[in-house]
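Number of protein chains: 2
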Amino acid sequence: MPTYTPPLRDMQFVLHEVFNVVEELKVCPPHAEVDADTINAVLEEGGKFAAEVAFPLNLSGDQEGCTLDKATHEVKAPKGFKEAYKTYIEGGWPALSCDPEYGGQGLPFVVNQAFYEMLNSANQAWTMYPGLSHGAYECLHAHGTEAQKKLYLPKLVSGEWTGTMCLTEPHCGTDLGLLRTKAEPQPDGTYKLTGQKIFISAGEHDLAENIVHLVLARLPDAPQGSKGISLFLVPKFHVKADGSLGERNGIYCGGIEHKMGIHGNATCQMILDGAVGTLVGQPNKGLQAMFVMMNAARLGVGNQSVGLTEVAFQNALAYAKDRIQMRSLSGAKAKDKPADPIIVHPDVRKMLLTAKAYAEGGRALLTFCALLLDKELHHPDEKVRQDSADLLALLTPIAKAFLTDNGFEATNHCLQVFGGHGYIKEWGMEQYVRDARINMIYEGTNTVQSLDLLGRKVLANNGATLKKFGKLVAALVEEEGVNEKMAEFINPLAYLGEQMTKFTTEIGFRGFQNPDEVGAAAVPYLRVAGHLVFGYFFARMASVALKAIAAGSTDPFYTAKLQTARFYFAKLFPETATLMRVARAGSQVLMDTDAALA
Amino acid sequence: MPTYTPPLRDMQFVLHEVFNVVEELKVCPPHAEVDADTINAVLEEGGKFAAEVAFPLNLSGDQEGCTLDKATHEVKAPKGFKEAYKTYIEGGWPALSCDPEYGGQGLPFVVNQAFYEMLNSANQAWTMYPGLSHGAYECLHAHGTEAQKKLYLPKLVSGEWTGTMCLTEPHCGTDLGLLRTKAEPQPDGTYKLTGQKIFISAGEHDLAENIVHLVLARLPDAPQGSKGISLFLVPKFHVKADGSLGERNGIYCGGIEHKMGIHGNATCQMILDGAVGTLVGQPNKGLQAMFVMMNAARLGVGNQSVGLTEVAFQNALAYAKDRIQMRSLSGAKAKDKPADPIIVHPDVRKMLLTAKAYAEGGRALLTFCALLLDKELHHPDEKVRQDSADLLALLTPIAKAFLTDNGFEATNHCLQVFGGHGYIKEWGMEQYVRDARINMIYEGTNTVQSLDLLGRKVLANNGATLKKFGKLVAALVEEEGVNEKMAEFINPLAYLGEQMTKFTTEIGFRGFQNPDEVGAAAVPYLRVAGHLVFGYFFARMASVALKAIAAGSTDPFYTAKLQTARFYFAKLFPETATLMRVARAGSQVLMDTDAALA
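Heads up: the sequence lines are chains X and F, in that order.
Counting with the UniProt record's numbering, you get residues 1 to 598 for the letters of the first sequence.
Counting with the UniProt record's numbering, you get residues 1 to 598 for the letters of the second sequence.
Isolated chain X (complex conformation) (with noise of 0.2 Å):
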């Protein structure tokens, strides 16, 4: 059985040491009074239910799976979630980073973020119900009327009620441009919906007495494609005035799922047959509206990955010091064992820094990008707020492909050093492969976003985001660049920098040519933008830990730090050499292979 400890002082580290939030956003009016310590506290009480009350559920709600009753439609959770999500409300964790006007505690997002991170270390499946909640508290907050906050969001803050967001049918996933779901007007202002949904994580279950779809559909007589589509909020019981609960509405769960992993979460086929709704946002804004729920939920999905990484780390730590096996190659360590702890081989050790590195550069991008979110909403100069949300818009699809693909390799290294138990269920780490899986898939696949990221995040704007980001890598180089002690960090993140600028010189003219080469090149073209950034990172990490180090500490962490920052610049980084070719081979040995693909 797999153990889980909240990793709180690289939380704290990045947090306060790196980031240095409560000074960050002691401008931003909402957050003037929140301190270190009641961070750090919220955090070790995070991190006590995430490892107390969640973790404990995610083997067994794995085996177990979700059920659904089509008699009733109603689906039941595995055993144990019902109770611990009470216990979630009780504690009041919906509230964490919620406006006050509706019992919000108010904390900033990077809080609830690094909360978050615990929850999908703990347990996916079960972090997915409140998780989306939390979504459609966002997404109603920014476009919902004052009539629908004032019934909803209250009892989405509480955690009374949950959320989903209802995009996918049978025939479109990425594509929403071709959803066929029917909203009509009724004289009362209200809509009737008709049609299939499928996909719908947290659809139906038995956690909360009411369930909130956000439901993508289209009006008579929409503009086709995605320009004709509407955003509607669909209780699954009919909502009364004072809030309290009326009658079933039209909006039911006709299947659910059996998937590879994230078992115990219900993916449920919806059926909507002339279920009520109202109009969230603009008539044929739909899409837009959805798009705060879905940035987001992209950085959300990075996370679950950090978190899945995070856990699978620590497990696969403790085996390779604990399984003796074989000598080491440099002569035996461990003379009074018949054989060494695996954690003497190398490959184990690379293994376990791929997936150590991994977790401590997803913490530090998704840690950077929530502190962007809090001040895109909360900062008083308008330039900082601009600023703010361009970068986090260059950054979101990086949080997700990026951080997903390391997922599902961490996990997959981590499972590897357990040999064939690793393969086995009991011992846990395989359900942490299958689960990491869908990351890379929803959400908008891991291809959308190197398209979203390269097309219309980078070339769009002739890379003025992208020069955003390259002039915090410049100030970084030019500060430590005379520092002989981070010439091993900074040296090659400069070497990249300078790439990377004429790389996307290069992709783009290409690209004005041909947009396929657009096309060929965005996968490759993220995962070096990737490297970019957690370069960046992991050389500002190091930095905090020499100067630590320096000022006389002597926590090893911050040794442990440095080790780990060596590490991926030495191991992980080079990858960059490689994809940087495959971007360059181009589009037409992909295209012109019609023979091959026939």
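Watch out, some of these pointers could steer you wrong.
For identical chains, the list gives no copy identity; a pair is met inside one copy or between any two copies.
[Said to hold, decoys possible] Within a straight-line C-alpha distance of at most 25 Å, the following computed SDA-like cross-link-like pairs (lysine to any residue) qualify: (1) Lys-425 / Gly-65; (2) Lys-485 / Gly-586; (3) Lys-48 / Glu-160; (4) Lys-321 / Leu-176.
Keep in mind that the hints were calculated from the coordinates and are not lab data.
Based on the hints, put chain F in the right spot on chain X.
Only chain F this time, still in chain X's reference frame:
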């Protein structure tokens, strides 16, 4: 539901046009009469068995799994497995490449292997039952006493009985030197075995009336470690002198594992409770005897991944042509439809072509290996036998590790092509990923394979065997270097061939000073070697295709082969750039990390 079509055309291409197996084997007495028509007819029939009998049980076998009756210790394979096995032995398939002296059909191993690729595509879990039997046959054929051979081989050849290899124990997998199962000599010349084995594939099941276990155990007073291990034949039911079954022997299944994949194959904990066995080979030389079986098994595992890659590719290709979603970046292609089939997108093509290239490269490598094995066993010239054995020893860890890493990557790409549907069990793609995952672990983890390659097969003889392969590469470069049409294939191959020599010398030099450098370099080294080998075979295949086209063939197969080779060199081969950097980054950044891995 997935579909499967045996890739007979590509098999014929590799067997006859690339490797010319009939001509090559003509000098081997047992194969002097084998002709291409026979081989093709056998594979056509074998493909029917795979596609029509084994394949339809794959998804259902995964869903149902195996069940153990704890009272009787009997295991039931999934529904239909037993009947399929009956059809299999009625068809005479177990005998395909077995010795005619024991009822075999005496076909070369290279034919059996092509047949097995199709079985693995169809149903890896089912195929492991006959696959392990064949391994037991090989081992007994090479090391059994005359009495053992007479009594057991005919039944293994007919398939009436199946076999296993019982190596692993709870505390020892890779490190068999630690094993504890005891064998006590009895006055009648037999041995009584006591101990516990785990992870025994096909250890117990209802497909055959008897199971022949080959068990590693220690004799009393045996030397410690791997030099004190002997091999025993332990039947499930005792066998009387006339071949009929006697009493139940004291070896039984104590539990079956719940695994990530290959659910249809029973992975058993086997209890030996005074089980009676007979010695196979010499006392304390059990590992050597078992290695006959293990080397064949390692090729077999590579073949499992090639099979999974092929079937996953076929299904992903069909889906990519059928599923419409978004428009091509370079303008709508299916203007009559609301969106284009996703095969228009460059990255979808890249995922598909990666799988195709890995399947075809793997097929070529395994065919070459199988041919080497046939020559090692039967070639009249001793030098050819020795050269074949040496080359095969070099290529075996590459075939195991490179092909299974590729297979996992490829099946994952194929799953990804399906988007969210890839994650749903009924589409069958996620099963391929789960099944493929074990191949990186069993029969020696891929890290162990890399140490075997770099340490034992390359450095231990100062690269002598590697040079033998290098000569093949050099000969092709010499032969085709002047052919302008081959330049795109030959130039990168020649470059890597030169690099490889320097690279090997460098790693060897470092390893001489610090053995951990070998451990740190081994995994990337193996992948570089894998690409050298694939590059060589893709160049050979391209050469054959170009010659066919030059000779006037209009078969699109040859164009397809050139496109795949071109893709391979442009998009996959450049991985070597990063791999060499990573290997050269050395061991210190891995070993000097005690704080990071505290």
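Outcome of the hint check:
{"no.": "1", "hint": "Lys-425 / Gly-65", "verdict": "both (14 Å within a copy, 14 Å between copies)"}
{"no.": "2", "hint": "Lys-485 / Gly-586", "verdict": "between (39 Å within a copy, 20 Å between copies)"}
{"no.": "3", "hint": "Lys-48 / Glu-160", "verdict": "within (22 Å within a copy, 57 Å between copies)"}
{"no.": "4", "hint": "Lys-321 / Leu-176", "verdict": "between (49 Å within a copy, 19 Å between copies)"}
Hint compliance for this structure: every hint is met.
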